[in-house]
Each structure stands twice: as structure tokens, then as C-alpha cells.
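Asker: Chain by chain, the residues run as shown.
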Amino acid sequence: METRKERLERLRTKIRVERQATIDELARFFNVSTATIRRDIKALEVETPVVQTVGGGVLYQTEHSGAVDPRAGAHAIQEKIRIAEYCTELVHDKDDILIGPGSTTFLTGKILSGITDRSFRIITNSLELAIETSVAPNVRTVILGGEVFNRHSVYPDRHLEYFAGCHNEHMLIMSADGVDPDIGVTMFESRLVETVRRMIAVSDRIVLAADSSKFGRATYNRVCGLDAISMVVTDHNIDDAYISRLEEQGCRVEIV
Amino acid sequence: MKKRILVACGTAIATSTVVARKIEEEMAKRGIQVDTTQCKASEVPSKVEGHDLVVTTTFVSGTGDVPVIHSVSFLTGVGIEKDIETIVEHLKD
Numbered sequence: 015m016e017t018r019k020e021r022l023e024r025l026r027t028k029i030r031v032e033r034q035a036t037i038d039e040l041a042r043f044f045n046v047s048t049a050t051i052r053r054d055i056k057a058l059e060v061e062t063p064v065v066q067t068v069g070g071g072v073l074y075q076t077e078h079s080g081a082v083d084p085r086a087g088a089h090a091i092q093e094k095i096r097i098a099e100y101c102t103e104l105v106h107d108k109d110d111i112l113i114g115p116g117s118t119t120f121l122t123g124k125i126l127s128g129i130t131d132r133s134f135r136i137i138t139n140s141l142e143l144a145i146e147t148s149v150a151p152n153v154r155t156v157i158l159g160g161e162v163f164n165r166h167s168v169y170p171d172r173h174l175e176y177f178a179g180c181h182n183e184h185m186l187i188m189s190a191d192g193v194d195p196d197i198g199v200t201m202f203e204s205r206l207v208e209t210v211r212r213m214i215a216v217s218d219r220i221v222l223a224a225d226s227s228k229f230g231r232a233t234y235n236r237v238c239g240l241d242a243i244s245m246v247v248t249d250h251n252i253d254d255a256y257i258s259r260l261e262e263q264g265c266r267v268e269i270v
Numbered sequence: 036m037k038k039r040i041l042v043a044c045g046t047a048i049a050t051s052t053v054v055a056r057k058i059e060e061e062m063a064k065r066g067i068q069v070d071t072t073q074c075k076a077s078e079v080p081s082k083v084e085g086h087d088l089v090v091t092t093t094f095v096s097g098t099g100d101v102p103v104i105h106s107v108s109f110l111t112g113v114g115i116e117k118d119i120e121t122i123v124e125h126l127k128d
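Just so you know, the protein sequences line up as chains A and B, in that order.
Letter by letter, the first sequence follows residues 15 to 270 in the numbering used here.
Letter by letter, the second sequence follows residues 36 to 128 in the numbering used here.
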């Protein structure tokens, strides 16, 4: 049986040699779960130039790491873009939009910065997204405070002043690592669960943007039940059985 | 002469706005003057005429002789440099 240390060493070498991979491919290659690979990558990120990218891709980062085929660096990217585009159309003028953590929500936020016929406010914990949205003249950007990790996001676990003083009529665009009709919505990153729960608590329209690969999966942290979700936006590869289970629980399902 | 780039996206015109903005920024940094026009993927065949290049985040057809670059890097942030290089290469001709 291979120890974790041995696997990390092989993983580091594989990523260095191949320059890019996806979480799914690596999980299959090492015959471990995607959660394990994500954890391994996080460990490698601390000491080597390996980074997780938007969309479940893994890169060996160098000065020239821009030279990466985006198709390999992003799982189901076309689906995610379609889902994100649909979500942006749900936004009304003068909305306060909470953007939860995740690659599809990141894309949604980014595309929102291209909307010119409506003005709104975006509230996010992503530094990267805040920089993108702040250039749009019709978007006001609020960044949730807290400790910065991976140079691009904030764990707003201790600095939740925003939530303490805000109203309860936000639109929330959230993502998930797992959506299961019995277990509910789950997330991998435990440090962000409380943030997402706070986002849910102050929102009256909750849109779950999740590509079909997330369905029937569950990870460590349960964020909420499906009854909390107003609408699920996903792609056409979703199993019909999930659609009916979601609709039974009062979720509107949009397939894009 | 200013080069003309048609930027096409799937359903929301907002995506092409983001991509066009990025392209303009990056080309300006390199001293290349471009004019961008935005449209939805379905409008490409009717709008492509007179453009030097099509950049799209989705799949398009009916572009005739105009070269097409399929790129999601301006949205995901991964691989922007390479896509910019490709765009610059095409505009040189």
C-alpha cells in the first residue's frame, strides 16, 4: 500500500512532467477519490509551484504557465460557462448579489461584470473576482473581510460584519461540490461552509449553479437541504431521476 | 489600419463584453489598435463580414475565410498569455 508521502511525491512528479492535469484524471490515475486529490494538491501548493485552477484543473505553475490548454485545465468548462451565462440573466436591476465560492459562481460573477443594462452590487470573498468586477462602471463590489488564502480568496470566518448589518433580500448564486437528493448540498472546503450558510440566511432567492457531475455526490460538509434552494441551474447531462427528486423538494430546475 | 475582431459568446451578450474588454486591454498594452464588435454565436454568420478575426467562448460556424480562435481563457484566467499570442499572430497577417 502506497503511503500518502509516496503518493504526494509521485503526484508532484506527474504534474511537473505533464504540466497540467485535471482533478478527475489524477483521481483515476492514483485510484483515490477526487477529495483526496484535492487535499493532496492543497498540500503540494504550500511548497511547490502547483496550483488548482478554476474548474478542477491542476497546473504546474511557472513563469510561462500561461501556455496551458484551457480545455485540459477546466473540467466541463463549456457547461459551466452556459450555466454561468444563464445565472447572469436572472439578475435584476438594483439587486444585491452574493457570489458564493466555486468556479461556476466565479464565472457568473465575471460575466456579470459585462452586463451594461442593469446596475447592481456584488458581494464576494474572492479577491480575483472583486478586481474583475470593480472595473465595470455599473457594478459596485463589496469584498468580505478575513484571512486571505492562496493569494486569491478570503476565508471570512471571523470578520462577518457585513452579514451582521445587512438586509435579508439578497440574491445568492452558490455552487456545491455535491448535490444529493437525500443528503442535500455539500461542500469540500470546511472553512467556507459557515460563510455560505450566512449567505443563505440573508438571501431570498438562492440559485444553485452546479454542473451535472455534482449530482449524486456528497462530500464532507453539509451546507443546506435542497428545500433551501430556489432554483438549480445545471446542464443537460443530468439524470432525469435527479430532476424529479429536485422538483419534488420544491426546486425549480433549469437545464442549459 | 485598425484590425477588426468579432467577439462571440453563447447566450448572454455579457460574456463577449468581458472578453472584448480583456482583448482591448491586452492589445492596447502591446500597442495594437483593434476594434471589437460583440455578438451572440448565432449571429456570427451575418456579422462576420469585414472582420479580421473571430474570438469565441463557444462553438461557431459560418465564418467563411475569417480565422476563428476558440478561447475560454479570458473567463477562466488560465492560458490568457497563449491566447493573446495567438491573437497577435493572426493580426500580423
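Worth flagging that the hints you see were computed from the coordinates, not collected in a lab.
Misleading hints may appear alongside valid ones.
If we take Cβ atoms under 7 Å as the criterion, some of the chain B residues that face chain A in the derived model are [what the hints assert, rightly or not]:
id	residue
1	Gly45
2	Thr50
3	Val53
4	Ser96
5	Thr98
Bear in mind the structure is a predicted one, so any value in this text is a computation, not a measurement.
Positions of the beta carbon are idealized from the N, C-alpha and C atoms, including for glycine.
Asker: Min Cβ distance, B/Val53 to chain A: is it shorter than 7 Å?
Answerer: Result: holds, 4 Å to nearest chain A Cβ.
Asker: Against chain A, run the beta carbon of B/Gly45 and see if the smallest gap drops under 7 Å.
Answerer: holds (6 Å)
Asker: Given B/Ser96 as an interface hint, is its Cβ closer than 7 Å to any Cβ of chain A?
Answerer: violated (15 Å)
Asker: Take the shortest C-beta to C-beta distance between B/Thr50 and chain A; is it under 7 Å?
Answerer: holds (5 Å)
Asker: May I ask you to test the interface hint for B/Thr98 with respect to chain A, counting a Cβ-Cβ separation under 7 Å as satisfied?
Answerer: violated (18 Å)
Checked against the numbered hints above, the structure breaks hints 4 and 5 and satisfies the rest.
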